[in-house]
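Each protein sequence line maps, in turn, to chains H and S.
Residue numbers in the first sequence follow the working numbering, run continuously in steps of one, and reach 280 at the last position.
Residue numbers in the second sequence follow the working numbering, run continuously in steps of one, and reach 662 at the last position.
Derived from the structure by calculation, the hints contain no laboratory data.
Even glycine gets a Cβ: it sits at the ideal position worked out from N, Cα and C.
There could be a bad hint or two in this list.
Residues of chain S clear of chain H, computed beta-carbon distances all greater than 10 Å [as the list claims (entries may be wrong)]:
hint: 1; residue: E294
hint: 2; residue: A297
hint: 3; residue: A349
hint: 4; residue: F408
hint: 5; residue: N450
hint: 6; residue: L551
hint: 7; residue: D563
hint: 8; residue: D644
hint: 9; residue: P653
Just some of the chain H residues that point at chain S, by a computed CB distance under 10 Å [as the list claims (entries may be wrong)]:
hint: 10; residue: L22
hint: 11; residue: P48
hint: 12; residue: I52
hint: 13; residue: P53
hint: 14; residue: F56
hint: 15; residue: F58
hint: 16; residue: F104
hint: 17; residue: Q206
hint: 18; residue: S221
hint: 19; residue: P222
hint: 20; residue: E223
hint: 21; residue: L224
hint: 22; residue: T228
hint: 23; residue: R269
Chain S side only, calculated, beta carbon under 10 Å to chain H, not exhaustive [what the hints assert, rightly or not]:
hint: 24; residue: T352
hint: 25; residue: Y407
hint: 26; residue: F423
hint: 27; residue: A598
hint: 28; residue: I614
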Amino acid sequence: MKERVTGGLIAGYVVLVVLAAVYIYPFVIAVIDSFKTEAEATQDPMGLIPQTFTFAAYEQLFTGTGMPLWAANSLFITVVVTVFRVFFDSLAGYALSRLHFRGRNAIFALFIGVLAVPSVVLMVPRFLVLKELGLYDSYAGMIIPLLADAAGIFIMKQFFDSIPVSIEEAARIDGAGAFRTFWSVTLPMAAPAVITLTILSFQGSWNEFAHFIIARQSPELHTLTTGVATLLSGQLGSGNQFPLKLAAAVLMTIPVAIVFFVFQRRIMSTTEGGEKG
Amino acid sequence: MSSVSTAPAPRKRRGGARGGEAVAGWLFVLPAILIIGIFLIAPIALALWVSFTDWNGRNSPLFNDNVEVVGLENYAAITTDDTLTRELFGRSIRNNVYYVLFVVPLQTALALFLAVQVNRRLLRAKSFFRTAFYFPSVTSSIAITGVFLFLFSATGVVNRIIGWMGVEGPNWFADPNGIFHNLLGAVGVSGPPGGWDAPGFLGVSAWQWIAGPSVAQTVLIMLAVFTTSGTFMLLFLAGLQNVGAEVGEAATMDGAGPVRTFWSVTLPMLRPTVFTVLTLGLIGTWQVFDQVYLTRGTPAFPTLTSPAYMAYSEAFEENEPGIAAAIAFVLFLIIIAMTLIQRWALGERDERGTGKKKRTGAPLQAGLTADGAARLQAGPQAGTGGGLT
């Protein structure tokens, strides 16, 4: 019995190590090749140590492309979207969990209903509305539609449901208004869900692509995703430009990677925000 | 705080607070309702209108004398009319069907496998493995597709690795040949049997319908499995933790081997999570857009298109907003149908379970689904996630 467990465990390790290597390798080789010359990256893409170590790709990104501007746009949009989305989702989640008002069930049903609307189906329709409202090709048009999402509201409501009401009743009795109670009593207790939602919102708006493709056309409004997409489809220069493309991919991954590694315990403690009840 | 213990006061206050509470409630949900109403519900209504008109994209589709209602013409253009648009649409559906048929089972099986392996009680470095498997799920679809374009280039990393085994790899992104066609070719069937090359359903010939995913599309399939298996692994881990270790241990005590235990104990108990993952997978794969958009410069691109991409290109490149809106709605119907089929199947299973189980299981599943949807939306499937049961 004991022996079988050990044998199985060793076999399991081998499988897991091989799989982990497969999952990690693309990122490692992308970083390495971004420091090679184009010729070397083409002839010897697998070499683990660049023969001529060069920052040329990164230099070209910063001086010859819109990368700095794209990064600034991405950062600005991501921060605004994350702050407001977490706030609006929390507010709505709290109201649906705690406050009694007419129409609450209908609104909850509405939010659940829109959860079923696939975002890609909305691309063209959203473009139509942005144009109608005169928001097309502006920061407002890129940002406002992302400021609330049904999944986030649901995650927050679920978490608020799990916090005992008695705790805030004391504050209510004390005469604190609904917002005071929400802001200084209940929301701090929902910190795990807030952090989870912050991370998901940050990651989601940093990685957002489809919406920015349909909400803007000016090059000045490129984000990292739409800007790097133009690099990848090779609209400038000749050759395969692999080091340049890989360098762009590496750079745009760094912020989410940092957030991921800092918060990985929280991110991967599965459904911390949603399920904990 | 001092008034906490005074008994009669709260009742009165609370009664008075109800009115204020209603106002507060509405104020709290107002921002979310406005955003969701204006940018989610209004677009659907507007697009539905546009899908019934011949609007050419100029000026507004509303209150515009130049815009005429054409009934179902736009829908006919992609389903019954014998046009190039219909054939392009038919091809995008064919491509997407194969994408779904391959990605969903593969990502579900791999995610489940990873979760079971990582969940072993005696395993060390658990968090390292979880990190390794989940990391691809947090990167952007653009970055990861860029890396895959590099890995799968003609003389790229993947072909060199295959080369060590003495196999000459294909020129991945330039190879439009369907893998079923290739298999048929290997057994001597290199062309369509009589009549199979005539335009069939949606203008696509039967021979093309059975082509299978193109070699180029297999790369996108691998990419999708690579980037979603980590997310779904986390959902399965949550499910496994819910099941608890005791059950499996009890089975092992009874003498069942690990494989038996998995098939007859663990998997049945994970059934709700399996359904969540299948549903999210079906919804997500029908929405593939980012990766398609990025590969539109590649030679085999016609074998990579999806309805989601085609809706985009009809609106922005062909200047056919009516047809674009019609495609969006057909896609919407497909996804709703998939969800309903899933729900129906899930409902069937639930009825067989005990009522008690249903009640404890439901909140967890709802949470899992919201969590999975939010994660998918945040990760490389962004623009391909979002949906939910």
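Each hint, compared with the structure:
no. : hint : verdict
1   : E294 : 5 Å, violated
2   : A297 : 4 Å, violated
3   : A349 : 19 Å, holds
4   : F408 : 7 Å, violated
5   : N450 : 23 Å, holds
6   : L551 : 16 Å, holds
7   : D563 : 5 Å, violated
8   : D644 : 4 Å, violated
9   : P653 : 7 Å, violated
10  : L22  : 7 Å, holds
11  : P48  : 5 Å, holds
12  : I52  : 15 Å, violated
13  : P53  : 15 Å, violated
14  : F56  : 18 Å, violated
15  : F58  : 18 Å, violated
16  : F104 : 3 Å, holds
17  : Q206 : 4 Å, holds
18  : S221 : 15 Å, violated
19  : P222 : 16 Å, violated
20  : E223 : 19 Å, violated
21  : L224 : 15 Å, violated
22  : T228 : 5 Å, holds
23  : R269 : 12 Å, violated
24  : T352 : 17 Å, violated
25  : Y407 : 6 Å, holds
26  : F423 : 5 Å, holds
27  : A598 : 6 Å, holds
28  : I614 : 14 Å, violated
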